[in-house]
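Q: Below are the chains, spelled out letter by letter.
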Amino acid sequence: MPEWLRLRRAQPIPAEDAAQWTKCPKCSEMIYRPDLAANLWVCTKCQHHFRMHAFDRISMLVDADFTEIGGDLLPGDPLGWTDKVPYPQKLQRDREKSKLTEGVVCGFASIGGFPVALGVMDFNFRGGTMGTVVGERIAQLFERARERRVPCVVFTASGGARMEEGMLALMQMAKTTLAVRRFHDDGGYYISVLTDPTTGGVSASFAFQADVIVAEARASIGFAGRRVIEQTIRQKLPDNFQTAEFLLEKGALDSVVERRDLKPLLMRLLDYGVGAKQASNGHATVTAPTSSESRA
Amino acid sequence: MNVIVEREKGLLELEQRIAALKAQAAQQPVDMGGVIEALEAKYAEIQHEVFGTMTAWQRVNMARHPKRPLGTDYLAALDQFDELHGDRHFHDDHAIVGGFAKLRGRRVMAIAQDKGRDTREKVMRNFGMPAPEGYRKVTRLVALAAHLGLPVVTFIDTNGADPGIGSEERAQAEAIAQALYELADARIPIVATVIGEGGSGGALALGLADRVLMLEHSVYSVASPEGAAAILWGDAARAEEAASRLRLTSDDLLHFGIIDEIVGEPVGGAHRDSAGTVARVLDAVDAALDTLVKVPLADLLDRRYAKFRRIGAPPS
Ligand SMILES: [Zn+2]
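Protein chains in written order, with the working numbering: chain A, 1 to 296; chain B, 1001 to 1316.
Excised from the complex, chain B in its bound form (with noise of 0.2 Å):
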């Protein structure tokens, strides 16, 4: 069970109560101010108890909150966006959805990973678990972009890539490869926005990018909590204490220079306010590229070069 759900319960609850209350007051000549003020401030107590300092598995849950915005409700809000599918030789992946679009009357090659929203949709996504057909979508879109001189914008939002026998029969590893081989030296800006969990290399094959955005309660890590408690301790079900160690949430990422812009949510996370906060992502993912277009191609591969070349480098 999702624990920011579980946590949102008594706030739901709380908010329909005002609601009623205040639909009440207006009605009756009886003075309710008092009554609605301190439900008030006791929901505006437990909000900030509940979203004030999360924790870094709280943090986890709310990336992967049920309704929280997916991959193509940013496709959605662009202004234009024509679908590419496939990899041009075993299946067109889901997991992945890119095409030509427009941004802010930019056009651009935009890509989003997307887990589904219902059953039926999860089951047709994979849970957003790309197989290596997505990764080569990726590859031969940012070719074509770059071909074409269109600028790439990436969403980012998976648990990791898939496992599973097919995937590596079909060679899952070499699949991220080509595409972290073809960002590498794709000779148009790149922007990638991680607008939920950027689960290990799945999630890293479309955010070797010019410019790394993070949505705020987004995620990113080496492996999944549960996967690197697998890893780690042979126990999946120590996610918690994973997700605490990992340094995965925005602020530490920003700290490390992993990503280099955090975009704030609404209180209570991006699903409290999703076209507002897409809206956001998109301000932001289009000033980015406001800068970078004007960088010389030499230049902006240079800076690609060392921005990934200096993380972990030894201080100078």
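Bound conformation, chain A alone (with noise of 0.2 Å):
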């Protein structure tokens, strides 16, 4: 294991021998826990995808290493916010309880040998829901993608913006698309892959400004909350709603990927932006693998 990772691992495995195992939402089958990671976080009975953890989406695509960028911002508490508790006492509980320092992990690395920029939204910390740190760290991203010539990829999980930071949070939509924005139209290659569950004004934003949009199998991707929708309807939703196969029908996405096929489809992806721009009459925009650098 990479001392990054080793590190930075979230979910260290309890030593006392019953938390070893985990019940699988979906199918109910306890699971031994160093099996469900070694089977990428899916369900060795019913394959339903549990969420991975940001810092295991990594280790699970990189080839080595992961240079982290805007780890060191940490979000304030804007609107002195509180309801049950504190904003801030939220925050450090969600710290302790996912390691992380907010909802999503940004920075360089390389993926079969194609150096990319990488952000990895999640669902633990305060449910991937965008404050102004993730904004901020979506945005830098795609600038120092952009700066690199370098594509961007990103996984998404969330659950919108965060209303402990009122519009602040929203405005991170306009934002984060910003810079997305100025990336493609500098001929960047931007690639998202929508997990569950990306919603609200995450989906509303970069989730779907990719150039080539991928979605974890089964994962619910929306806008309005399943809730909300039939609350304000009072119709029961169809039990395919809102998920990414219904979304693949429906025209809004280019692939539905099982887990374990991603990271290849993901290669092959970078390989056909890539390799074009070296061998078309195109301008070179993107830069291609080359071994030295993919080790850095």
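Hints are computed from structural coordinates only; laboratory data are not their basis.
Heads up, a few of these hints could be off.
Claimed, not checked - Straight line, CA to CA, 20 Å or less: simulated EDC-like cross-link-like pairs of lysine to aspartate or glutamate:
| hint | chain 1 | residue 1 | chain 2 | residue 2 |
| --- | --- | --- | --- | --- |
| 1 | A | Lys45 | A | Asp261 |
| 2 | A | Lys250 | B | Glu1121 |
| 3 | A | Lys250 | B | Glu1169 |
| 4 | A | Lys250 | B | Glu1216 |
| 5 | B | Lys1122 | A | Glu249 |
| 6 | B | Lys1102 | A | Asp271 |
Only a predicted model underlies this, so the values are computations on that prediction, with no experimental measurement involved.
Assembling the complex is the task here: the two chains are given apart, and the hints tell you how they should meet.
A: Encoded structure:
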């Protein structure tokens, strides 16, 4: 295990034996946690895709090293928010629970030899909601990717805009969009991977602004929450409503993929985009993989 | 009933008889060489009669032959294909299939119309008649290809765009117009191939290309023969007559400068050697791309402009 991952791994396997087992929320099978981890956090019985910790996701994808950026950006409490507990306390609780400093981890790495800027959201931190820090880290990721001329790959998992930061949270949709748009208009190649769940202000901004939009199988994806829609229209929604498969048929996604096939697909997608820049009479804008760079 | 399928029946019978006789001859000392030879001569004669000079209507039927290779057969023969679905708005139209691909090692965006082979698939693909979502998928994929610098290759096979209430409500005309608009200035080489029926604007939406190829017995026309007969004479049953007047065969269209190249088919049609035909088309597309990728971008776009600009222009 690389040093960065050993230090940052957020889900230390507990020592006591009972905690080694996890119940699949889908089929209720009791699964031995190391088996689950070895199976990319996919249920060994029913193929249910567990929500992944950002660093587990990163270690599943990258060739070797991962250099984090924006990790020192930490949320404040701009509205002085208090409900049952003050917002800063909620943040502190989630930091301890998730071992993360915010709802997204961003940085540089290589995937299959292709240097990329990689952003991975994590539902364990405030439901992956986007506040000022998530927006800032995502914006910085696209700006740095543009400078380095590398493709950008972002994994989304989010409950939407973070209520506790109010309008400052909502405006992150505009901020991230501007960064994505500038990256794109400068020839950048952006792949987003929508994981369970991707909703609200994140789905309605950078998640759906990519050149290629992939979703993990059976992920829940939408704008408004299922309950909100059901209460508004006073109808029961079909089971497949807002699933990745539903959205694929409705034309919203390029592709839906099982987690085990995700990395090979990403490598092919990167190859089409990066390789084409060298071979055609277009302008070279995305960096091609080199063995030295990918191991840097 | 397909007139080519009808005429093939006699040939297929003869083929089976010859094969049976040959099998018999191999086991018996009696010399049956003469009989077999006579049958083979007869076979060649009928084949020549059926396929030597085909009328326009026969070509239309060849283009619609139930065993003719379809769009997805070409995609399946590529080195690699990763489908990209949907128009990002309403639906994933299965009458048009597109995605990233490798063609003879070259990264491309491949887009094909497909009519479907069996009944279930035909329904799923709406008999190859794309709805606006299909054309919006084309527009989207062409833009993506241009953004990444991938050449675009298209395979055309449609009776025409879907005529229907839903398609009109969702602005079929606008969807086709936007596909043409995107192709007009897409900053990558584009090669289109008519592999079956090129029916009207629904076909041209994939056909504004730097080089247009056509399989020998394909057809490409301003409207399907049935459509043209209905428009002109209010009688779709006069399709055969319309076909004879529309000048829709590959040699006609080469003569008019509408297409650039004819890819030959085996005697009896593409379906007599589907894999070989598909491979020959892909080779021809690859050769066309070889030339086009060497053309500087500004020249490429100028030539694309001139290529279509001169069609129907007064002689200078
Ligand atoms: Zn399970």
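Q: Could you tell me which of the numbered hints above are not met by this structure, giving the numbers in increasing order?
A: Hint check: 4 fails alone, others pass.
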